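Enquirer: Listed in order, the protein sequences are those of chains W and H. Here this note's numbering runs 394 ahead of the position in the first sequence, where the first position is 1. Here this note's numbering runs 336 ahead of the position in the second sequence, where the first position is 1.
What the hints contain is simulated information worked out from the structure, not anything from laboratory work. In this text the structure is predicted, and so the values were computed from the model without any measurement. Incorrect hints may appear among the rest.
[Unchecked claim] No more than 30 Å apart at the CA atoms, straight line, and that leaves these computed lysine-lysine pairs for DSS-like:
id	chain 1	residue 1	chain 2	residue 2
1	H	K436	W	K459
2	H	K431	H	K448
3	H	K378	H	K448
4	H	K378	W	K459
5	H	K436	W	K401
6	W	K459	H	K338
7	W	K459	H	K431
8	H	K436	H	K392
9	H	K338	H	K378
10	W	K401	H	K378
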Amino acid sequence: SAVISQKPSRDICQRGTSLTIQCQVDSQVTMMFWYRQQPGQSLTLIATANQGSEATYESGFVIDKFPISRPNLTFSTLTVSNMSPEDSSIYLCSVEVSGDQPQHFGDGTRLSIL
Amino acid sequence: QKEVEQDPGPLSVPEGAIVSLNCTYSNSAFQYFMWYRQYSRKGPELLMYTYSSGNKEDGRFTAQVDKSSKYISLFIRDSQPSDSATYLCAMSAPKAAGNKLTFGGGTRVLVKP
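Input sequences plus hints: build the corresponding full structure.
Expert: This is the structure in structure tokens:
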């Protein structure tokens with residue numbers, strides 16, 4: 395399976411600031427996704443990162459708050475904008491290597507907002 | 337009601353016992369079923385991936401899917417302390433309907449030496 399690297403692995407940020415999280419894969423993949431895992435909770439899909447076009451957001455998530463880029467088949471970024479304490483979560487990148495394969499996850503970015 | 341229900345546990349078993357985990361779901365469109373293991377401070381790691389109904393075995397792990405009952409299970413034989421983790425079930429509809437994974441809430445498992 396693909397090796398997925400996320401940066402940073404953790405961060406502590408001030409209220410009102412923004413943070414960009416990077417997801418790098420060691421091989422080309424068809425699909426890339428961003429999930430949120432709130433403390434003690436399961437995973438919720440934020441959006442599908444589409445290469446060369448705007449991301450597809452799930453209900454409850456908007457582009458102004460979570461802008462996403464995917465410039466090529468191995469890299470994507472998620473920005474968490476104008477952060478508040480409610481944004482304190484683990485943010486996870488996942489990939490599908492090909493259409494008939496399951497998703498594999500990175501180790502996530504642990505974000506705390508003060 | 338959540339689309340996917342999973343007992344949060346914790347489930348505590350002695351080393352060597354069989355661990356039995358399960359999820360129920362309500363969306364009959366789900367056809368792909370996965371089990372992930374998540375250790376503390378790590379991302380989910382894929383354990384099993386099955387399509388439609390039936391059984392699949394991989395080493396000490398057996399996954400079962402019963403679509404008629406909307407019920408999936410994961411069995412871990414000869415459990416080890418290293419199996420202590422949170423186990424997440426996940427499922428999705430056919431690719432043409434999108435690639436969204438819907439997760440259960442996760443079950444914490446503790447295997448005691």
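Enquirer: Are the hints correct? Go through all of them and say.
Expert: These are the hints, each one checked on the structure:
no.	hint	verdict
1	K436/H <-> K459/W	20 Å, holds
2	K431/H <-> K448/H	40 Å, violated
3	K378/H <-> K448/H	21 Å, holds
4	K378/H <-> K459/W	25 Å, holds
5	K436/H <-> K401/W	23 Å, holds
6	K459/W <-> K338/H	25 Å, holds
7	K459/W <-> K431/H	27 Å, holds
8	K436/H <-> K392/H	23 Å, holds
9	K338/H <-> K378/H	25 Å, holds
10	K401/W <-> K378/H	13 Å, holds
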